[in-house]
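**Q** For reference, the chains in residue letters:
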Amino acid sequence: MTNNDAFVSLADVSKHFGSVVAVDHLSFTINSGEFFSLLGPSGCGKTTVLRMLGGFESPTTGEVYIDGVPMSEVPPHHRPTNMVFQNYAIFPHLNVRANIAYGLRYDKIEKAEVARRVEEALEMVKLPGFGKRRSNELSGGQRQRVALARALIKRPKVLLLDEPLGALDKKLREEMQLELRALQESVGITFIFVTHDQEEALTLSSRIAVMARGKALQVASPKDLYNHPVSVEVADFIGQMNFVKAQVMDVRNGEALLDTAGLGKITTSASSDFVRKGAAIIVAIRPEKLLLSAERGSDGRASVQGTIKTSTYLGDRNHIYVSVDGCEKPLAVATPEAQASGEKPLDRESTVWLSWADNALILLPHD
Amino acid sequence: MIETTIEVSAPAPRSRSWRGRLYAWYLSSDALKGFTLLSPTLLVMGFTMCIPFGIMVVMSFWTQIGFEFDTVFTLGNYAEAIEKPVYRALLLRSLTISSICTVVTVLVSYPMAYYVAFHVRKRKMAWIILMTVPFFSSYLLRIFAWKVILGYNGVINSGLKGLGLIEQPLAFLLYSPTAVVITLAHAWAAFAILPIFISLEKIDRSLLEAATDLGDGPVKRFLGITLPLSMPGVIVASLMIFIPTVGDYVTPTLVGGPDGLMIANLIQAQFGLINNWPMGAALAFDMMLVVAVISLLYIWLTRKAMENIA
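In the order they appear, the protein sequences are chains A and B. Residue 1 is where the first sequence starts when you use the working numbering, and the numbers rise one by one after that. Residue 1001 is where the second sequence starts when you use the working numbering, and the numbers rise one by one after that.
Same shape as in the complex, but just chain A (with noise of 0.2 Å):
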């Protein structure tokens, strides 16, 4: 099933609606087989991506393609793809058996094997023995399921998911990711998921696109969203995330020296165009990347000395903002539990010293 073509393609897609452009001359390429997250606050144009790919909305210009069909003529009941809604859109005067084979009524399949199907689906759903219920003696994250199942049963090319998980408490939506990435891994059928949720979207996803104002920032996978950002607005979506205005002073070699706003003057490997003699840019480090301790550490790492003012308590882990001279904001610093309630607690205005590795540093354009 996973190959690496392209299945699913959005090419210059623009859509208005009036005078607000929902979707700016967007294009990116999903492959065949891929959970695919389009990530982005609410309002970013991700709902309408996906019902444009659907078929609710047709794009203003541009083409979308699914398994090299352009798709402008294709009206949503010909459309290789289902859709999961948001609110699920369980028919509620059907019950649970009728909701799923209701794709299948006038498929030309025979009872027994429609039978078969739907029990199959509420198998797979683990929701066995449920074909009888209405939707309204269904739970939240029962509904969602009869409705990946009424979806599912089509056998679609590709399943577009509408923030199916948005309505669900935290449990349970941890659950489902879990059921959902292992259901996308055994029908190996192409997952489109809309979400705004940035850790949900790093939980499911092969990759994802981060949209804002109907752009897409960027489109890779988790890891390097996480790890190599390519803007101070994907970086600050993605995770927790410090940032440090810098002058670059020299480049050389592929190292830059940096006189930072609080870190001091730096020295460290950059590649990109924008780091040029002169430029400004930011720096980004992760709280994570950040070594908090109350001497000066001896290990030739570089360093600097702060001030704690407050600390957030996340249970598995604590954040601690620590203020330090020449940063418009504390720096977040993040400790694990032991390390806060250790021999010498940290209390507030105690003087810190911060190290980080040099690899930890994240050098972002300017915006």
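To be clear, the hints were calculated from the coordinates, so they are not data collected in a lab. One or more of the hints may lead you astray.
[Unchecked claim] Label-pair distances were calculated between CB atoms; the ranges are: (1) A/N136 / B/P1244: 31 to 41 Å; (2) A/T312 / B/A1305: 56 to 66 Å; (3) A/T312 / B/S1039: 56 to 66 Å; (4) A/E120 / B/S1028: 41 to 51 Å; (5) A/N87 / B/F1222: 34 to 44 Å; (6) B/F1222 / A/V187: 24 to 34 Å; (7) A/R116 / B/S1028: 48 to 58 Å.
[What the hints assert, rightly or not] Here are the simulated lysine-lysine pairs, PhoX-like style, with alpha carbons at most 20 Å apart: (8) A/K108 / A/K126; (9) B/K1220 / A/K111; (10) A/K245 / A/K289; (11) A/K108 / B/K1220; (12) A/K154 / A/K111; (13) B/K1161 / B/K1147; (14) A/K154 / B/K1220; (15) A/K265 / A/K329; (16) A/K154 / A/K108; (17) A/K132 / B/K1304; (18) A/K289 / A/K265; (19) B/K1202 / B/K1124.
Backbone N, C-alpha and C define an ideal beta-carbon position, used for all residues, glycine too.
Keeping the supplied structure of chain A fixed, place chain B upon it in accordance with the hints.
**A** Structure of chain B alone, referenced to chain A:
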């Protein structure tokens, strides 16, 4: 923790006055609160409907003798209502005309309600009000308007003649059951449009998209989703037209002609010219019973049908 709550709550009822207890009882009973809300309506209904209704029930078991009532209990009136061919024929005709009228009205109203619910984006309410404009004029006026339209030298006949499509005016248009059906359908359209519109408006649009997504073209989607989900509106519309039109006597009197007379005309005559009130009352209850049975049967059948499609 538990002990304290018991201590706090246990002595409370004892210290409360009877008024307090009555109030608490009132607050805890949904049924009581419901009846309180209904009470103005219940009072009006009690006085203006139940009492006259009761009088009519009692009267239907009496006998008219000249200008006096014989108050001895008898089922004679009912026996006559069922046995006499003219009563049976008129009741049957009323039911037939009303049924046709109901079907016609629902069929005509459904597309209108559908259009407003699904294709009008702005000012839906204005559209609905426009559709009820005929109700702004008097019922009689509307019937007379139809007389002008359907008459021997009316709008339709002269129009068709002018176009050369017919040589003789179409006589069946006025003073016929057709005229009664047309007039009633027009008069009651708003009662069909509103419930159908509301039930269509309530349909979640994502359900329609889901049906399309699962491979339904417009027709299949209508039959699979829109129609079943709007059935409650259709049922209400049907009953709201069928029940009152069976008993209508103004329209048949004015546009029905001899072939368009209905049971209500006869009932009216019993209370008027014929002056046999007990017979009129018995006929009215006979009609009511038949209409009630048909309505319940209709509700039961549609419900069964709805269950079967799932």
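**Q** Holds or violated: A/K108 and A/K126, Cα atoms, limit 20 Å.
**A** Violated, at about 27 Å.
**Q** B/K1220 and A/K111 were given as a pair; does the straight-line alpha-carbon distance stay at or below 20 Å?
**A** The given pair, whose Cα atoms are some 19 Å apart, holds under the 20 Å limit.
**Q** Between A/K289 and A/K265, is the straight-line Cα distance small enough, at 20 Å or below?
**A** holds (18 Å)
**Q** So does A/N136 sit 31 to 41 Å from B/P1244, Cβ to Cβ?
**A** holds (34 Å)
**Q** Compare the distance between the alpha carbons of A/K265 and A/K329 with 20 Å, and conclude whether the hinted pair is satisfied.
**A** Distance of about 18 Å is within 20 Å: holds.
**Q** Assuming the hint says 34 to 44 Å, is it satisfied by the Cβ distance from A/N87 to B/F1222 or not?
**A** At roughly 21 Å between Cβ atoms, B/F1222 and A/N87 fall outside 34 to 44 Å, so the hint is violated.
**Q** Take the C-beta atom of A/T312 and the C-beta atom of B/S1039, compute their distance, and say whether it sits inside 56 to 66 Å.
**A** holds (57 Å)
**Q** Between the alpha carbons of A/K154 and B/K1220, is the straight-line distance 20 Å or under?
**A** holds (16 Å)
**Q** Kindly confirm whether 41 to 51 Å is satisfied by the beta carbon distance between A/E120 and B/S1028.
**A** Holds - the Cβ-Cβ distance for A/E120 and B/S1028, about 50 Å, lies within 41 to 51 Å.
**Q** Taking 20 Å as the top limit, are the C-alpha atoms of A/K132 and B/K1304 close enough?
**A** Holds - the C-alpha atoms of B/K1304 and A/K132 are around 16 Å apart, at most 20 Å.
**Q** Return holds or violated for the Cβ distance of A/R116 and B/S1028 against the range 48 to 58 Å.
**A** For A/R116 and B/S1028 the Cβ distance comes to about 52 Å; the hint holds.
**Q** Does the structure keep A/K245 and A/K289 at a Cα separation of 20 Å or less?
**A** Distance ~18 Å between A/K245 and A/K289 Cα, so the pair holds.
Checked against the numbered hints given earlier, the structure breaks hints 5 and 8 and satisfies all the rest.
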